[in-house]
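Student: Mind docking chain B on chain A? Use the hints.
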Amino acid sequence: MPPARIGYLPPITAALTLTLAVLAPRAHGAPPTPHAAAAPAGAVAAIAPDFERDDLDGQRRQLRSYRGKLVLLSFWATWCEPCRLEAPRFSHWQQQYGPRGLQVLGISMDDTAAPAVEFVHQLNLAYPVMLGDAELAERFGGVLGLPLAFLIDPRGRIIARYRGEPDLARMEAEIRAALPQP
Amino acid sequence: MSSIAAKLMLALALASLGAGTAAAADAKAAASIPAADLVEPDALAKSLQVPSASRPLLLHVGFRTLFVQAHIPGSEYAGPTGQEEGLTALRSRVLSVAKDAPIVIYCGCCPWSRCPNVAAAYHALRTLGFSHVKVLHIDQDFGTNWVEKGYPVAKGD
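Chains as they are written, first to last, in the working numbering: chain A, 5 to 186; chain B, 67 to 223.
So that you can see chain A by itself, here it is in the shape it has in the complex (with noise of 0.2 Å):
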């Protein structure tokens, strides 16, 4: 099965989309229980929801803060193979792009810090890390699988998501399109 992704979306076909996909009715299968975990993944806000909370070597974070710039907002986990493969190219576009406006931000979903920790020192990835939590993958429509990122636009607007193993050359091809312009 071929990796599953929403893809780039122009930000008013993307407020679109993601708005009917909050209204649209499940697909199929037995109704939805009233303990349902998740809003269903595509119930994602065209903005995406604001969160505060310490990286990995202990610095505040804000996404907020990062406005005015393109966020490639990345939920992985060390146990999660795509993800650790995934990982150096992203370090590699904050290098690369990082002048140009792009910020990554890393949401480690593993149980406990110690082996993001030592994951990211390992690599020296050049992107800050926080840990996160069934709390704040809520707020993104639930983490249920990795790898999952979110392609926030410079005014804070979620124009792509990707899930699953990633296409990464497309990936990267729609980030250079929506660096924000000189």
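Source of the hints: derived by calculation from the structure; they are not laboratory data. Since the model is a prediction, treat every value here as computed from it, not as a measurement. Heads up, a few of these hints could be off.
Said to hold, decoys possible - Computed beta-carbon distance windows for the label pairs:
#	chain 1	residue 1	chain 2	residue 2	range
1	A	T116	B	H198	46 to 56 Å
2	B	A101	A	L172	50 to 60 Å
3	A	R71	B	L104	42 to 52 Å
4	B	D205	A	E139	44 to 54 Å
5	A	L183	B	S179	41 to 51 Å
6	B	R157	A	Q66	37 to 47 Å
7	A	P103	B	G140	26 to 36 Å
8	B	S197	A	Q63	35 to 45 Å
9	A	R104	B	A220	43 to 53 Å
10	A	D59	B	A109	18 to 28 Å
Glycine residues also receive a C-beta, built at the ideal position from the N, C-alpha and C atoms.
Tutor: Below, chain B without anything else, positioned relative to chain A:
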């Protein structure tokens, strides 16, 4: 930073990454689970529409952050079995379970071929002598193949 330096750093990072991926490759792949012991999501969902006493023992062998967000109602957390502490927890959980009891294990953390947990759990249970072990076949992830299909979900510990 120059382009050459950036490429050098990337090469070094990928080289160091090799140690991790090699370790991961040591774990048995999900493909090692016999097809006869797989159960598809729709079939499992239908089979759960019976009195709880008739249900199999449902064990989540993945990661706690995923279990807390969403899991199959009635299932217990017993992972992550891709790691030794998870296997220990699984073995401990089934100590008092009859060897012919029906057990269904599932994870859904990652695409099926990349899951580090289900095969380790399956083979551990088979090695312990459990004869009726099934594995929920989650092709993409638990969100895609279970939650978004509208099957019953619970959350929390």
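Student: Against each hint, give a clear statement of whether it holds in the structure.
Tutor: Hint-by-hint comparison with the structure:
no.	hint	result
1	T116(A) x H198(B): 46 to 56 Å	34 Å, violated
2	A101(B) x L172(A): 50 to 60 Å	31 Å, violated
3	R71(A) x L104(B): 42 to 52 Å	47 Å, holds
4	D205(B) x E139(A): 44 to 54 Å	28 Å, violated
5	L183(A) x S179(B): 41 to 51 Å	33 Å, violated
6	R157(B) x Q66(A): 37 to 47 Å	43 Å, holds
7	P103(A) x G140(B): 26 to 36 Å	52 Å, violated
8	S197(B) x Q63(A): 35 to 45 Å	53 Å, violated
9	R104(A) x A220(B): 43 to 53 Å	45 Å, holds
10	D59(A) x A109(B): 18 to 28 Å	43 Å, violated
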